[in-house]
Amino acid sequence: MASPERIGPKRLVVGAHYGMGDWMSQRFTAIVMAVYTVILMAAFFGGRNFSYDGWAGLFSHAWMKVATLVVFAALAYHAWVGVRDIWMDYVKPTGIRLLLQVGTIIWLFACVAYGVIILWRV
Amino acid sequence: MSDLTRPTRPIHRNINIGQIVAYRLPAAGILSILHRISGAVMFLLLPFVLFLLDKSLTSEISFGTFKSVTSNWFAKLVILALGWAYLHHFCAGIRHLFMDVHIGLEKESSRQSALAVFAVSLVLWVAFALKIFGAF
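Heads up: the sequence lines are chains A and B, in that order. Sequential numbering of the first sequence, starting at 1101, is according to my numbering. Sequential numbering of the second sequence, starting at 30, is according to my numbering.
It should be emphasised that the hints constitute simulated quantities derived from the structure, not laboratory data. Among these hints, one or two may not hold up.
Here are a few chain B residues that face chain A, going by a calculated C-beta distance under 10 Å [stated by the list, open to error]: (1) Arg42; (2) Phe72; (3) Leu75; (4) Phe119; (5) Val149; (6) Leu151; (7) Trp154; (8) Val155; (9) Ala158.
Straight-line alpha carbon distances no greater than 30 Å define the calculated DSS-like cross-link-like pairs of lysine-lysine that follow [claimed, not checked]: (10) B/Lys84 with B/Lys96; (11) B/Lys96 with A/Lys1110; (12) A/Lys1165 with A/Lys1110; (13) B/Lys160 with A/Lys1165; (14) B/Lys84 with B/Lys160; (15) A/Lys1192 with B/Lys105; (16) A/Lys1165 with B/Lys136; (17) B/Lys136 with B/Lys160; (18) B/Lys160 with B/Lys105.
Quick reminder that beta carbons are idealized off the backbone N, C-alpha and C, glycines included.
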């Protein structure tokens, strides 16, 4: 089969079948974030007198820093898969798509780095 | 149903914006495109959310900055939009996880679960809005 998607007779370099791992990761990262969301929502709706001491106190615990960092990592991977889906659906020229994908990775990586700085300052 | 009685439906290939606007999506379709749009909005506004987290956590002084930034009407509008995006994405995502394990795939149940997602996420959103405007 000499189709342009194939290198040699077997190897498929584009197409949906390469996405199984990403597809699964997007689901698992979603579950991680959903659990964190429920905890945060309980704090948000249950809390009264939103104060600096209470809010910063919550994030001063090591377990909260770790949980939040795990969520940042999950969010970055989840968003990467989702945003890449958007580029793959709507942006067909390979060069522009590649540029957008690289931009997405840098954007998300920078956001996680900023998140780490914030968390470790508290 | 035989082929003779089946109505001829328009076939769209390389759908254009005029067709997209004219096409009547079912509830599950509206939910799905809003799932994508809300995700994209949150992706683009992620630095703003982190900025708010930064200001709210760093010090008493920055907490004051956080309070004054979030009391601005435009910032409140953006936060309301982000709140909607988050809650819609969250609820639609949970529905998606059920469908991934083949629960509620039938036409009618998927329509009902889509409507349920709109109902739950909008109620949560109203509660969120009341909370940030200090109603409770």
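Status of the hints after comparison with the structure:
| no. | hint | verdict |
| --- | --- | --- |
| 1 | Arg42 | violated, 14 Å |
| 2 | Phe72 | holds, 5 Å |
| 3 | Leu75 | holds, 5 Å |
| 4 | Phe119 | holds, 6 Å |
| 5 | Val149 | violated, 13 Å |
| 6 | Leu151 | violated, 15 Å |
| 7 | Trp154 | violated, 12 Å |
| 8 | Val155 | violated, 12 Å |
| 9 | Ala158 | violated, 12 Å |
| 10 | B/Lys84 with B/Lys96 | holds, 9 Å |
| 11 | B/Lys96 with A/Lys1110 | violated, 59 Å |
| 12 | A/Lys1165 with A/Lys1110 | violated, 46 Å |
| 13 | B/Lys160 with A/Lys1165 | holds, 25 Å |
| 14 | B/Lys84 with B/Lys160 | holds, 20 Å |
| 15 | A/Lys1192 with B/Lys105 | violated, 37 Å |
| 16 | A/Lys1165 with B/Lys136 | violated, 43 Å |
| 17 | B/Lys136 with B/Lys160 | violated, 36 Å |
| 18 | B/Lys160 with B/Lys105 | holds, 12 Å |
Checked against the numbered hints given earlier, the structure breaks hints 1, 5, 6, 7, 8, 9, 11, 12, 15, 16, 17 and satisfies all the rest.
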